[in-house]
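Residue numbers (my numbering), protein chains in the order written: chain B, 294 to 619; chain F, 48 to 175.
The set of hints was computed from the structure by calculation and includes no laboratory data.
Heads up, a few of these hints could be off.
[To be verified] With a straight-line cut-off of 16 Å between C-alpha atoms, the simulated EDC-like cross-links for lysine to aspartate or glutamate are:
id, chain 1, residue 1, chain 2, residue 2
1, B, K612, F, E121
2, B, K612, F, E113
3, B, K607, F, D96
4, B, K596, B, E552
5, B, K596, B, D554
6, B, K565, B, E600
7, B, K613, F, E116
[What the hints assert, rightly or not] Quick look at which bits of chain B chain F covers, simulated, 3 or more residues with Cβ under 8 Å:
id, segment
8, 567-581
9, 597-605
[Said to hold, decoys possible] What follows is a set of in silico ranges between Cβ atoms, one per label pair, in the way DEER data are often shown:
id, chain 1, residue 1, chain 2, residue 2, range
10, B, K572, F, A95, 26 to 34 Å
11, B, K418, F, V85, 54 to 62 Å
12, F, S168, B, S478, 51 to 59 Å
Idealized CB from N, CA, C, for every residue including glycine.
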Amino acid sequence: KDKSAASKDSTPEEASKRQEDGAETPKQQLLDIIGNMKVEVTYRKKLQQLKASESKKQALNKLEGADSEGSVLQGTAEDTQRGKPLNPELVKAASAVASSLPRNKKQTESELLAQLRRHEETTDKQKKGGTINIRNIISEMTVKRQTPAQRSPRVSGRISLHLDEDGQRIRPERSSSQSIDSRRSLKVGKRLNIFTKASTEPEHALKTESSPTIWDLEFAKEVAAVTAQPPRNGFEEMIQWTKEGILWEFPIDNEVGMEDDAEFHEHIFLEKHLEGFPKEGPIRHFMELVICGLSKNPYLSVKQKVEHIEWFQKYFEEKKELLQEI
Amino acid sequence: MAAAALCWALRAARQVLPSPCPRQVRSYYVDWRMLRDVKRRKMAYEYADERLRINAIRKNSILPSELQEVADKEIAALPRDSCPVRIRNRCVLTSRPRGVKRRWRLSRIVFRHFADHAQMSGVQRAMW
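Chain F with its partners taken away, still in its complex shape (with noise of 0.2 Å):
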C-alpha cells in the first residue's frame, strides 16, 4: 500500500519537477507587439469555429438575403481580435514583423546568424 501511495507521488512529483538536464526556458515574451499577437492568435483559435459557420451563411446564394445580413451585423458585432486576418508572422526571436521566413519563423538576421554558425540542420551556404 505504502509503494501504491509512493508511486502515485512520484508521478505527481514528476510532472511537477523540470528534468534536471540544464536547458532554456523562455519566460518572457520579446515585446509587447510579440504578446499582442499571441493574444490575437489565441483569440482567432477560439472563435474560428463560429466565423466559419457564419461566413457559410454569408457566402451563400440559397439563403434568404435577410438572413445574410443578420449573419453580417453578427460577425461584425465579434470581438476585432478574433479574426485571423489580424496575425502577423513575426519572428521568434526578435519579433521583427518584415523579413521572416515561414518554414523556420526566424528573420533573415537571426536565420543568417544560426546558418553562419552551422546550427540549422540541413542548410547550407549556396554556391554554384
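This is chain B alone, in the form it adopts within the complex (with noise of 0.2 Å):
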C-alpha cells in the first residue's frame, strides 16, 4: 500500500514533467514512468471496494483499462493482480501513451480504447456474476464420501432418504423415475440449466405439490421425530428458539415484519385522497385536520393510512342526506 501511495504521489508530479518536457525521449520517460505505477491490490480488495463504492464504477473501469494498457505495454511478469489506482492522471496516460508510440497514433488509441471496453465489460460480467456462479456449479461436485452412519444426522434442504436406523437403505416407494442411489447421479440435484431451457421445471412443481398422500406426510412426521434431536447445549437451544420465533434474531432489527416500502412523500402528501370530499365547509375543515395529523403519524402504514381516509369518506356518504338538511 506504501507503495501505490508513493506511485500516486510520484505520477501526479511527473505526469505534468512528462507533458512539458515533450521533446525529450517521452517513451522512455513513458515507460519510467508505467515501471513506477505499481498498483499492487488483490483482486479481492477490488472486489470488495467495487461493492462498497458504486458510484465510481465507471471512472475505475477506465483506469483499470488504462492500467492494464499500461502493463501490457510494460510486458514484464508481474503480478497478475489488476490495479486499482484512484488516479485520474492515467486516463491521461493511456493517452499520451498512444500518442508517444512510433506506429500510426490513431490506430493505436482505437485498439487502447477497444481493449478498455473489453475490459469493462469482463469486469461488469465478473462483478455481478461474481462468485455466485461458481458456487453453483461447485455445489454438485463433492469431493468426501462419508459413511452411512455420519450422514443420517445431517438433514440438509436436500433430504436424503437413504438410510434407516439400523443403517440399511430405504429407498423411497414413490415413482422411479428419481435415482437417488448414489448422490454422484445424473438427474439429482439442483438443474443448473446451462444446456436446456428450464422449461420442464414448473411441471414438476405443479406434480409433487398435488400428492402429498397420507403416507408422505406420516413419512415426514418420523423423519422430522428422529431428525430434531434435543439441543445439546445453550447455543443450539436458542437457535431452536430463534426458528420457533421466541427469540429475536440479533443484532436486533425495529423493523420485522414491517414492510413498509411507501417512500416519505405517500405519508405526507396526502391531499391526493381528499377529492371525495366537498371543496368547502366544516368537513373539508374537519378532514384537512385529519390528514394533517395522519402526516405526523410514524407507526401507521401507508396502507392503513388510507383506509382511515376512505372510512370517513364512507361515513360522510351516508349521513348525506342528514347534511343536506342542515
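Take the two lone chains and join them into the complex the hints point to.
This is how it looks when you write it as C-alpha cells:
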C-alpha cells in the first residue's frame, strides 16, 4: 500500500513533467513512469471496494483499462493482480502513451479504447456474476464420501432418504424415475440449466404439490421426529428458539415484520386522497385536520392511512341526507 | 421430484408437530372471569379503529352538532364488550384482579413466590 501511495504521489508530478518535456525521449520517460506505477492491490480487495463504492464504477473501469494497457505495454511478468489506482492522471497516461508510440497514433488509440471496453465488460460481468455462479457449479461436486452413519443426522435442504436407524438402505416408494441412490447420479440436484431451458421444471413442481399422500406425511413426521434431536447445549437451544420465533434475531432489527416500501412523500402528502370530499365547509376543514394528524403519524402504514380516510368518506356519504337538511 | 415432495411434506409436518423438548403448555384459562376478560380484549382490538374514528367525530368543535349526536348514538350502539374501559389487567397465573404489577402481569403473591425462588430475572430482595 505504501508503494501505491508513493506511486500515486509520483505520477502526478511525472505526468506533468512528461507533458512539459515532450521532446526529450518521451517514450523512455513514459516507460519509466509506467514501471513505477506498481499499484498492487489484490483482486479480492478490489471486489470489496467495488461493492462498496458503486458510484465510482465507471471511472474505475476506465482506470483499470488504462492500467492494464500500461502493464501490457510494459511486458513484464508482474503479478496478475490488476491495479486499482485512484489516480485520474492515468487516463491522460493512456492517451499520452498512444500519442508517444511511433506507429499510427490513431490506430493505437482506437485499439487501446477497444481493449478498455473489453476490460469494462469483463469486470462488469465479474461484478454481477461473481462468486455466485461458481457456487452453483461446485455445489454438485462432492469430494468426500462419508459413511452412512455420519450421514443420518445431516438433514440438509435435500433430504437424503437413504437410511434407517439400522443403517440399512431404504428406497422411497415413490416414482422410480428419481435415482437417488448415489450422490453422483445424473438426475439429482438442482439443475443449472446451462444447456437446456428451464421449461420442464414447473411441470414437476405442479405434480409434487398435488399428491402428498398420507403416507408421505407420516414418513415426513417420522423423519422429523428422528432428526430433531434435543439441543445439546445452550447455543442449540437458542437456535431452536429463534427458529420457532420465541427469540428475536440479533442484532435487533426494529423493522421486522414491517415492510413499508412507501416513500416519505406518500406518507406526508395525503391531499390527493381528499378528492371525494366537498371543497369547502366544515367537513373539508375536519378532513384537513385528519390528514395533518396522519402525516405526522409514524406508526401507521400508508395502506392504513388510506383506509382511515376512506372510512371517513364512506361515513360522510352515508350521512349525506342528514347533512343536506342542515 | 420425490425429494422435493418430501421437503414440502416435512415442512408441513414440522408445523404440525410440537417440538420434542417438553415444555409446559397451558390449555385452559384459570377461571371464567379470565376468559371473559380475554373475550373483551379481543373485541376491543377488533373495534378499536371504528371507535377511534367515531370518537374523532364526536369530540369536535368544527362539525355540526347534529352530526355529533348521530355519532353519539352510533357509538352507544356498538357492542358493550368492545370498549377498552372494560378490560381489567388481571394476574396472568392466578387471575387475581387486584394487586397486579403491570410490568410482570403477575399478582403480588405470585411475584413474591417466584422472586424468592430466584426465578425472576434481575429481581432481588431490597436491602438498604
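Status of the hints after comparison with the structure:
no.	hint	in the structure
1	K612(B) <-> E121(F)	holds, 12 Å
2	K612(B) <-> E113(F)	holds, 11 Å
3	K607(B) <-> D96(F)	holds, 15 Å
4	K596(B) <-> E552(B)	holds, 11 Å
5	K596(B) <-> D554(B)	holds, 11 Å
6	K565(B) <-> E600(B)	holds, 14 Å
7	K613(B) <-> E116(F)	holds, 15 Å
8	567-581	holds (count 4)
9	597-605	holds (count 3)
10	K572(B) <-> A95(F): 26 to 34 Å	holds, 32 Å
11	K418(B) <-> V85(F): 54 to 62 Å	holds, 60 Å
12	S168(F) <-> S478(B): 51 to 59 Å	holds, 53 Å
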